[in-house]
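A.B. asks: Residue 56 in the numbering used here sits at position 56 of the sequence shown; the count goes up by one each step and never skips.
Be aware that a few hints might be false.
[Claimed, not checked] Capping the alpha-carbon separation at 27 Å, the derived lysine-lysine pairs in BS3-like fashion look like this:
hint, residue 1, residue 2
1, 215, 185
2, 215, 148
3, 183, 207
Keep in mind the hints are simulated off the structure, nothing from the lab. Being a predicted model, the structure only gives us computed values, none of them experimental.
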Amino acid sequence: MAERLRLMAVHAHPDDESSKGAATMAKYVAEGVDVLVVTCTGGERGSVLNPKMDRPDVWADIGQIRRAEMDAARAILGVEQAWLGFVDSGLPEGDPLPPLPEGCFALQDVEVAAGPLVRLMRQFRPHVVTTYDEEGGYPHPDHIMTHKISVAAFEAAGDPERYPELGEPWQPLKLYYDIGFSKGKIMALHEGILAAGLESPYGEWIKRWEDRPDKGPRITTRVECSDYFPVRDDALRAHATQIDPDGFWFQVPMELQKRSWPTEDFELVRSLVDSPLPESDLFAGVRETAHVR
1 MAERLRLMAV HAHPDDESSK GAATMAKYVA EGVDVLVVTC TGGERGSVLN PKMDRPDVWA
61 DIGQIRRAEM DAARAILGVE QAWLGFVDSG LPEGDPLPPL PEGCFALQDV EVAAGPLVRL
121 MRQFRPHVVT TYDEEGGYPH PDHIMTHKIS VAAFEAAGDP ERYPELGEPW QPLKLYYDIG
181 FSKGKIMALH EGILAAGLES PYGEWIKRWE DRPDKGPRIT TRVECSDYFP VRDDALRAHA
241 TQIDPDGFWF QVPMELQKRS WPTEDFELVR SLVDSPLPES DLFAGVRETA HVR
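Kindly generate the complete structure, drawing on both the sequences and the hints.
C.D. replies: What follows is the structure, given as structure tokens:
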């Protein structure tokens, strides 16, 4: 009998799991895959981005509220979830940028901070791990640090000489980076909205893309998961402090989203199995080998 497949998604803050790869996770859960979201920080220094939640009582208890929001989103997606316990670094602003807060996640030693993630990898034994690219998806200090410890833990988890006190070694087979937005995706959504006679929210994005590299060519794997876009959006809305239900994320009609770009996209960066590119499944090459592991 084949071994049950397992996917680990490593994220920086509560809400990141619902905006990056959420429909893919929901799809795999529906197919019987065990999915564990690892949340590196509690999001304690996050902004309140929903005007309806910008209240003194919310700010006074933001840490616990964000944990409760994560519980709600986890239940909607059907995933398991674990906290690494690091403290949110915040997003520094200004010129020059202020120093990061003492003791925050982004200032941790990578080798030390990777330890709790190694322990979780050895306990959960994922076949596939997803995380952010070297820029963090976008350059938030916690996202960049999440990338660093994810790569370090992926390389160390299967090595019996590394972190020997953290459990029996387990080597994940594939590591992916989320590619949340590419120029092709934005253009497809933009053109689909205009063709429907609606106003596009992507005009400014397209202008900015003239001065930034396009990650589209890095995509190796496109997972068709449009049936789970509504689940993704429900999970996003569960993060009520972070997501305005009347805001940007929900301006494109659902059927138009499904038609214009029905996949979530990833870059395969490490693989210990044979899986020809391009792929349509994060477990390509794993399904054939999991039963012997």
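A.B. asks: Each of the hints needs a verdict: does it hold here or not?
C.D. replies: Results of checking the hints against the structure:
Distance restraint check for residue 215 and residue 185: the Cα-Cα separation of roughly 11 Å lies within the 27 Å cut-off, and the hinted pair is therefore satisfied. Under the criterion of a C-alpha separation no larger than 27 Å, the hint pairing residue 215 with residue 148 is consistent with the structure, at around 19 Å. For the suggested pair residue 183 and residue 207, the alpha carbons sit about 11 Å apart, so the restraint of at most 27 Å is met.
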